[in-house]
Amino acid sequence: MRGRFGAPLSTLGARGLGTPLVASEAMNRVLVIGGGIAGQAVCERLRERDPDVPIALLCKETVPPYDRVALSHLLAGETSRDELQLRPLEWYADHDVDLRLGAAVERLDPDAGLCALADGSALAFERAVLCTGSDPLLPPLPGIDLPGVFAFRDPADCDAIAARARSARHAIVIGGGLLGLEAARGIAGLGCPATVVHLVDRLMERQLDEGAAALLLEAMRELDVAVRLDTQTAALVGEGAVSGLLLADGSVLAANLVVISIGIRPQVALARAAGLAVERAIVVDDRMVTSHPRILAVGECAQHRGVVYGLVAPIHEQAAVAAATLTSGTGAYAGSVQAAKLKVMGVDLVAVGDATGAREVLAADAAARTYRKLVLDADGRAAGAVLLGDTRGHELLLDHVRRGESVADPLDLLRRASEAGAADLPDGAQVCNCNGVCKGAIVEAIRARGLGSTQEVVAVTRAGAGCGSCKPLVRELLAIERGGAGEEPAYLCPCRKRTREDLGALVRERGLESVSELMETCGAGRDCGACKPGLAYLVSQVRENRHREERHARFINDRVHANIQNDGTFSVIPRIRGGVTTPAELRRIADVAERHAVRMVKITGGQRIDLLGLRKEQLPAVWEELGMPSGHAYAKAVRTVKTCVGTDFCRFGLGDAIGVGIELERRMEGLYTPHKVKSAVTGCPHNCAEAYVKDIGLVAVEGGWEIYVGGAAGATVRRGDLLDTVADGEAAIRLALAFLQHYREQGEYLERTYAWVERVGIAAVREVVLDPAGQAELLERYAIAKAAADPDPWLERHDPVHPKQFAELDSEPEPLTPIDIVLAGAGGGR
Amino acid sequence: MTPELHRIGRVSDVPLFEGRSVTLAGRRVAVLRTPDGFHAIDAACPHAGGPLADGIVADACVTCPLHGRRFDLRTGAELGGHPGVTVHEVVVRDGELWLRLAPDTLPLAA
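Chain order of the listed sequences is R and X.
The first sequence stops at residue 830 when you use the working numbering, and every number in between is there.
The second sequence stops at residue 1110 when you use the working numbering, and every number in between is there.
No wet-lab data here; the hints were simulated from the structure.
Careful, some of the hints might be misleading.
What the hints assert, rightly or not - Far from chain X, some chain R residues (derived; all Cβ distances over 10 Å):
1) E90
2) D527
3) G653
Stated by the list, open to error - Partner residues are not named here, just some residues of chain R that face chain X (Cβ under 7 Å, in silico):
4) L89
5) K532
6) E549
7) H552
8) I564
9) Q565
10) G568
11) E808
Yeah, the Cβ is synthetic: ideal placement off N, Cα and C, and Gly gets one too.
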């Protein structure tokens, strides 16, 4: 009998003979050991080739695989931990990959096809792929264990470094490679002066020549990163915590934060104990197979033809080869051309292959600080490129280097590269280095699946889902495929290809009053129904809230006015304007929470109180007893206005944040919006209420108020744009309301303000909102919509839209008990 | 043996394009209403247990409110090819709703 991977099973050793482990599960399973970029890539490529083979992914860490390459973005605060996750948890269920978190492998028995986990259990496998990655290389220096000394390897390191950077007076990064420079810039960006200490005489010496390294040095210094070259560290010194570096020349550099980034050490312990051949890393052949036919290795733990790759693009190439080997036995890997891209804001740098060679041509401009160099080998073939300050066309040059193409006129190639657009790239050119996606795959996906927007292309191909630097190229490819046509408009109803504008026009011109009328008129919303909540919003907005409300078009949250949770229960957040409450209100909330056995009481990020775990039937009674209006925390609507204590209490307060915040919330509440709107009012630029990262943020400054719009601090982090500065709180509120109305009228459904402002541009928003006549019209329409809005949907407890609005077929809503009776019965002698 | 019909409520208990759930013989069932009439399927989405009775209904399909899986109310099939749900029988008599569980879903001892 032949195994499903081509090799006869009998050649793979006698399973189970004399082994103390227990084999009980899927015998044809592929075990992927290691939950990093490599492990994830192997799972994805393997699943693409074989929809059925059982795959188990063992992750030592308790979080699913994340994008380690983006760590510097995390340190710089440009992304969040959640965004680093490569795939959502659903992906593993949807693709039938058995994801096991916290599963540390103790021992591997390749002959028996068994793997022992730290928890004592065992897993049988047909083939295993080691993706164990690497650990940071830590030199055996005295003082290396002192508090304040960190590696830069995982999100926990990032958190620790960032926390220390906030209080440290000076930071030192040991190591002037790619990662070290990114770490130093991240630390400097947090306001802590940083110095890079590097052993050799130029930065990134493995990727750069002297000319580019010198320019990079200047660029880093301008970004507040000092650099000391030719500097050897002898010890880390400090009492109780690190206070500095003792250098080999006897001098001391002060630092209370030290980050070590001098390289990686492949993680080979498991492979070595299993008897596999290990040199600098686990030795693999051109099929990515180790010295045991059952075991493969991919990524930073693997050594191929004497090379250990520490960059992300080769990992993807290796994963594709490993998947081919596993499914058809045809995998063949000839090594990768290294391509390094520095992810430091303001410094564009790409280095490909060799930085020096037999023939070098150079186009450089010291004043503009650009440096473009192409390297040829002795036979006249492209061998490398270094692009600094101007990285246009690096995809084309990388492609030439990868294919080792002969170049007759290298200066002309450099010139052509700087003019090369997406159309000039060959299909094999890698567009996304983070996820290893080439032009051909992107074009094919656009054609085969009829993709119409950059967002769709990114979601389907993963190109641009990593560091994002290739997104402009993805957009260009899409435009070419669409024959120069702009991106497909965002359809509110994609089934019927209807945009928000033309549906809005229909509602207006025909005087339609409900979603049903709209559906009858043009069919929108009839097919999949996914757009029904969007249609409901559109109708309510165009009709200025004088529409006919139909609950079937609303998401469950807007049918029962509470937020559905993962177990089908709901959460209740009453309106607490500005986040200011009273002892009596707190007592009442506490009593209600106790009486209804609320499973959790939680203070929210928006300064509200959340009662979690309530059944639908409990909602009306809970609202009745709270006696507070809805906080709209479940809806695409105006949510909260967060405040600081401003001039009421704060010694730095410049403006009445509480007063203006409560008034702003009162004037905005109850209005539905294309997506949720979070706001803040803060009393001075210390920004304790986080107004810079809200959809609408008011900041009191000396002599007036600043209005920021389009900020975000969720999955996307964006500092809001300054809309205007005005003299007093009332003017600030009016401007905020005009902006809100403009967004209500022009934003696409489910488009947050940050996406909308970015799409249309803050200048275009200013033009409408700051124009006196335009502003007056917006405010008038706003006033009409606000007057017609339902101020408190929780009052439906007295007048439900349907007898079973808050109940199932076999249940009834809990009876409403007058508050005074409830309070009297609550006891407690208050 | 064909399972029996059980009265579960009135026609007016379920608004058009909405759903409500009910427990019968220990099994939670979602009853949903479309212009064609009433449909009954298992109440819990096989993906993460989402309450299908609370989903958005259109074109004889319901979309799970938790993660958006879509089920055909006539066949129980998930439209993206994921595991589907069992379909049960709803009978309307004199304005009342009667439910008969699918034959293979009854507990043996029931």
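Q.
Hint validation: E808(R) versus chain X, beta carbon distance must be below 7 Å. Holds or violated?
A. 5 Å, holds
Q) Taking 7 Å as the limit, does the beta-carbon of H552(R) come near enough to a beta-carbon in chain X? A) Constraint on H552(R) satisfied, holds at 3 Å.
Q.
Does D527(R) clear chain X by more than 10 Å, comparing its Cβ with all Cβ atoms of that chain?
A. At roughly 5 Å from the nearest Cβ of chain X, D527(R) sits no farther out than 10 Å, so the non-interface label is violated.
(Q) Given a cut of 7 Å on the nearest C-beta pair, is the interface hint for L89(R) held or broken against chain X? (A) Violated: closest Cβ of chain X sits about 10 Å from L89(R), beyond 7 Å.
**Q.** Minimum beta-carbon distance criterion (7 Å), G568(R) to chain X
**A.** It holds, given that the least Cβ distance between G568(R) and chain X is near 4 Å, below 7 Å.
Q | Interface hint for K532(R), Cβ within 7 Å of any Cβ on chain X | A | 6 Å, holds
Q | When the least beta-carbon distance from Q565(R) to chain X is tested against 7 Å, hint result | A | Violated. Min distance 9 Å.
Q | Satisfaction of the E549(R) interface hint, Cβ to chain X closer than 7 Å | A | Violated, about 13 Å.
Q | Outside-interface status for E90(R) - nearest CB in chain X farther than 10 Å | A | 6 Å, violated
(Q) So G653(R) supposedly isn't at the interface. Is its beta-carbon more than 10 Å from every beta-carbon in chain X? (A) 43 Å, holds
Q: Tell me if I564(R) is really an interface residue toward chain X, meaning its C-beta lies closer than 7 Å to one of theirs.
A: Status holds, d = 6 Å.
Checked against the numbered hints listed earlier, the structure breaks hints 1, 2, 4, 6, 9; every other hint is satisfied.
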